[in-house]
Amino acid sequence: MPLKPNPNSTLDKKTPGGIPEGLPLEEVERLQKLHIRLTDFVLHLIQAFLRTGYYTSDHPESKKAKEGLYQKFRDLFDEEDELAFLVREEQGGQEIFVEGVLPEAQKLSRMMMKGMGELYVPKFAKYMERKDLISLTLKSRMKQAEFSSFVDIMSEPTLVDTRHKQDQDRFAQALYTRGIFSISYVFNEEFLALEREMPWRARLTLSRMRKDLKMIPLFQKMMGQDIQEIRINLLRDALRPIRQSDLLCAILRNSDLATASEALEETIENEIVSSLKKQYLLNTSKIFLRDHLDLKKLQKQDGFEKKSDRLVKKLSSRLKEAATGETQNLLEEFFRHQLIGLEDLPPVLKDKILLERLTDKFLSYTDRFFQQLDQAKDKEAFLNVAISFVRMIPELIRRDRYPEILRIFETLKGHFHQRRMWSLLAGQVLEEIGKGTIPQLLKEKFLKGKKEVRVAVIPILAALEIGAIPVLLDILKTSEDQWVRKNACEALVQIGPVAAVHLLKELEQQQTSVETTCDILRVLGEIKSREWQAPLAKIARSFATHEHPKLREQAIHTLCQAGGPDGEQTCLSSLNDPDLEVRKRSVWCLGMLKSVPGIGKMVEMLKELAAAPSPQSEKLETHIYLAFGLSGNISIEEKSSEQILIEVLEKRGIKGLLGFLQKNPLTDASLAAICDTLGKIGTGESVKVLTRLEKSQKGSLVPKIKETIKKIEDRIHSKGVG
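The opening position of the sequence shown corresponds to residue 36 in the working numbering, with each subsequent residue numbered one higher.
For the record, the hints were derived by calculation from the structure and aren't laboratory data. Cβ atoms here follow ideal geometry from the backbone N, Cα and C, with glycine treated the same way. Hints are supplied without guarantee of correctness; some may be wrong.
Stated by the list, open to error - With a straight-line Cα cutoff of 25 Å, these simulated DSS-like cross-link-like pairs (lysine-lysine) come out:
hint, residue 1, residue 2
1, Lys387, Lys313
2, Lys355, Lys385
3, Lys573, Lys512
4, Lys690, Lys741
5, Lys642, Lys690
6, Lys335, Lys355
7, Lys313, Lys174
8, Lys563, Lys619
9, Lys563, Lys521
10, Lys654, Lys686
11, Lys741, Lys754
12, Lys585, Lys540
13, Lys512, Lys486
14, Lys654, Lys629
15, Lys355, Lys312
16, Lys313, Lys385
17, Lys335, Lys349
18, Lys142, Lys68
19, Lys629, Lys674
20, Lys348, Lys332
21, Lys331, Lys341
22, Lys723, Lys746
23, Lys321, Lys331
24, Lys355, Lys342
25, Lys698, Lys642
26, Lys161, Lys246
27, Lys396, Lys448
28, Lys690, Lys674
29, Lys101, Lys158
As the list claims (entries may be wrong) - Computed spacing ranges between beta-carbons, pair by pair:
hint, residue 1, residue 2, range
30, Asp435, Arg176, 57 to 63 Å
31, Trp518, Leu459, 45 to 51 Å
32, Lys754, Pro700, 30 to 36 Å
33, Glu367, Lys412, 47 to 53 Å
34, Glu378, Lys312, 22 to 28 Å
35, Ser731, Lys754, 24 to 30 Å
The task is simple: from the sequences and hints, build the whole structure.
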């Protein structure tokens, strides 16, 4: 009887129609049509097997049953393939699987319509049982005469029952006599014993291999082909329908079961490994590696382990030939488990390992490497060390060893700027670094790393100077993380005037987003380059009237930082901007510029704001008080800034005897801002007013007022001492 199935076998998976999910619509439609043709052929083939059994092969009914059948068979194949019937014992009884033609095996009972399936599947299962067959395979290369003879023999009344050895021999002799070699079959008694645990389908394949290989002398006699060629074809035929990596791995690991000859065992191994298609090679090798490592842990050192060691070399050789990124990654895993040597690796992977070793050595003897560079006596010695540094930098980036990378850059820059013996060579090396992949690798770390990583990378990018500018600009353009962009701005500021020309060019093109343009303006303002002051002022002035308020705000700030008369005039005009944030920025800038016209304008604004208070005006008012502190104690219309603020406190800050204020009292934020400013510019007059203010206040502002009084008194005292 057929053996019970392994629940992990591919054949047990339910795949409707033998068509995998996720295929393109055109491929699904093609396979659906093929499924219909396959079902039709299988039905007619079964009918021919069963019907002709009642007649001789030359009887009209036998001929009728075979009519057109071969053409139906040929129409199933576009390339070399095979069609197999596999008998399995299922929970509900025997089931026949149809394998080949379609991508996945499927149950015959699901292929046919319900009525036809209920009629023919049990009959065909009984038919296969009487013949004691668990596998019957038709190869696509079968010719018409051979096919017709095959159908005749399969329905021969005297060969219907082949459960006994002598009947099976008669069956084989009949096939041989009629020249039928384009089939493969396995009797139940030829199914390999359960000595080892493996999937049912893998065991069946090995059983077929063992059976077919025994037939080689017969094939050689009839076909006149070379034995080696016959052997290879038979092995490839047996492996062709296997499309699952775990099955391929099981077949490979247990391939010794297919022959009793040790010499032939290696031949079978070689053929299995060489015939692995690329889409199966990777996963099969992964499964093998996992199983091999488990096997090595047992430390049995038996024949099975020796075979596995041998297969390591063969699979790694195939992986090396495949030469894809994934196969190289797996080869690296083989190497790191010490299963293969450095010589077994492809050149790229070998270089990677050697580079890792060089980097390990560098990290262990860092000072010695830098001494070799500094003490180089000739050009070749200097270049050897410098180039080794360049080669190691990507690996150091991967390991997040930023202090060592920065030291490399600083050392090379030291040789270049100090005009040492090899300064020109050092400059060329630095230039090559800027043109290569290193800036991109640093960019990836900058984008993906945490704040600590970005902080460590900033000085390295700054050291790269012009080589880092394109990647930093790209970060400003593409990153949505404001902290990443802020850190990129810091790096550009550290690069300094060298970056200005590139940033100005970027602004002139006016193709960047508002956020990026603001970032670039911010950086240019902080670089403070006299050389680029005029062009920066010109371009910032053009953005000061931009439709986007955020851009107007940043343009005003940059103009303030750049200096020059344009900044003050633009800020004065922007005090009337419709956007509150722009007006607040203008107030701050005029304070920083110590603009007398600006402070005068703000005094007028305070009067207007006091007359018509609003939530927005209160925020602007607070900023004006802070701006007074930035500009110092300057005089406006014969009044100092201090006097102006004291008047404001007396009118709107100090409560009267009854605890009431005049209309429009100052907000806590404005009171705190006035305190901050008086703390910077106030004199004894401020102390008097603040003392009165303290007595009239209760709550959180009292400590602030006391702190301000102390600050003024300390300053007065220090001046007196001085």
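Against the structure, the hints:
At roughly 24 Å between alpha-carbon atoms, Lys387 and Lys313 fall within 25 Å of each other, so this suggested pair holds. Of the supplied pair hints, the one linking Lys355 and Lys385 holds, its CA atoms being roughly 11 Å apart against a limit of 25 Å. Of the pairs offered as hints, the one joining Lys573 and Lys512 holds, with about 23 Å between alpha carbons and a cut-off of 25 Å not exceeded. This hinted pair checks out: Lys690 and Lys741 have alpha carbons roughly 17 Å apart, not beyond 25 Å.
At most 25 Å may separate the alpha-carbon atoms for a hinted pair to count; Lys642 and Lys690 meet this at roughly 20 Å. Only pairs whose Cα atoms come within 25 Å are accepted, and Lys335 paired with Lys355 is rejected, the gap being roughly 29 Å. Among the hinted pairs, Lys313 with Lys174 is consistent with the structure: their alpha-carbon atoms are about 23 Å apart, no more than 25 Å. Our distance criterion of 25 Å between C-alpha atoms is met by Lys563 and Lys619, whose separation comes to about 23 Å.
Using a Cα cut-off of 25 Å, the hinted pair Lys563 and Lys521 holds, with the two alpha carbons roughly 18 Å apart. A hinted pair counts as satisfied when its Cα atoms are at most 25 Å apart, and Lys654 with Lys686 qualifies at roughly 19 Å. Between Lys741 and Lys754, the direct Cα distance comes to roughly 20 Å. Compliance with the 25 Å bound is thereby established for this hinted pair. Distance check on the hinted pair: Lys585 and Lys540 sit about 21 Å apart at the alpha-carbon level, within 25 Å; holds.
This hinted pair checks out: Lys512 and Lys486 have alpha carbons roughly 19 Å apart, not beyond 25 Å. Between the alpha carbons of Lys654 and Lys629 the distance comes to roughly 21 Å, so the proposed pair stays at or under 25 Å and holds. Using a Cα cut-off of 25 Å, the hinted pair Lys355 and Lys312 holds, with the two alpha carbons roughly 14 Å apart. Only pairs whose Cα atoms come within 25 Å are accepted, and Lys313 paired with Lys385 is accepted, the gap being roughly 22 Å.
The hinted pair formed by Lys335 and Lys349 meets the criterion: a straight-line CA distance of about 21 Å does not exceed 25 Å. For the hint pairing Lys142 with Lys68, the CA-to-CA distance comes to about 18 Å; that is within 25 Å, so the pair holds. Our distance criterion of 25 Å between C-alpha atoms is met by Lys629 and Lys674, whose separation comes to about 15 Å. Proposed proximity of Lys348 and Lys332 is supported: the alpha carbons are some 19 Å apart, at most 25 Å.
A hinted pair counts as satisfied when its Cα atoms are at most 25 Å apart, and Lys331 with Lys341 qualifies at roughly 10 Å. At most 25 Å may separate the alpha-carbon atoms for a hinted pair to count; Lys723 and Lys746 meet this at roughly 14 Å. Taking the CA atoms of Lys321 and Lys331, the gap is about 15 Å. The hint holds against a cut of 25 Å. The straight-line distance between the Cα atoms of Lys355 and Lys342 is roughly 20 Å, inside the 25 Å bound, and the hint therefore holds.
Among the hinted pairs, Lys698 with Lys642 is consistent with the structure: their alpha-carbon atoms are about 13 Å apart, no more than 25 Å. The suggested pairing of Lys161 with Lys246 holds, with an alpha-carbon distance near 23 Å, which does not exceed 25 Å. Among the hinted pairs, Lys396 with Lys448 is consistent with the structure: their alpha-carbon atoms are about 23 Å apart, no more than 25 Å. At roughly 24 Å between alpha-carbon atoms, Lys690 and Lys674 fall within 25 Å of each other, so this suggested pair holds.
Restraint check for Lys101 and Lys158: the C-alpha separation of about 19 Å stays at or below 25 Å, so the hint holds. In this structure the supplied range 57 to 63 Å holds for Asp435 paired with Arg176, their Cβ-Cβ distance being about 59 Å. Between Trp518 and Leu459 the beta carbon distance is about 39 Å. The supplied range of 45 to 51 Å is therefore violated. Lys754 and Pro700 have their C-beta atoms about 33 Å apart, which keeps the hinted 30 to 36 Å range intact.
Checking the proposed 47 to 53 Å range against Glu367 and Lys412 shows it is violated: the Cβ atoms sit about 38 Å from each other. With their beta carbons about 27 Å apart, Glu378 and Lys312 fall inside the hinted range of 22 to 28 Å. Evaluation of the 24 to 30 Å hint for Ser731 and Lys754 yields a pass: the beta carbon distance comes to about 29 Å.
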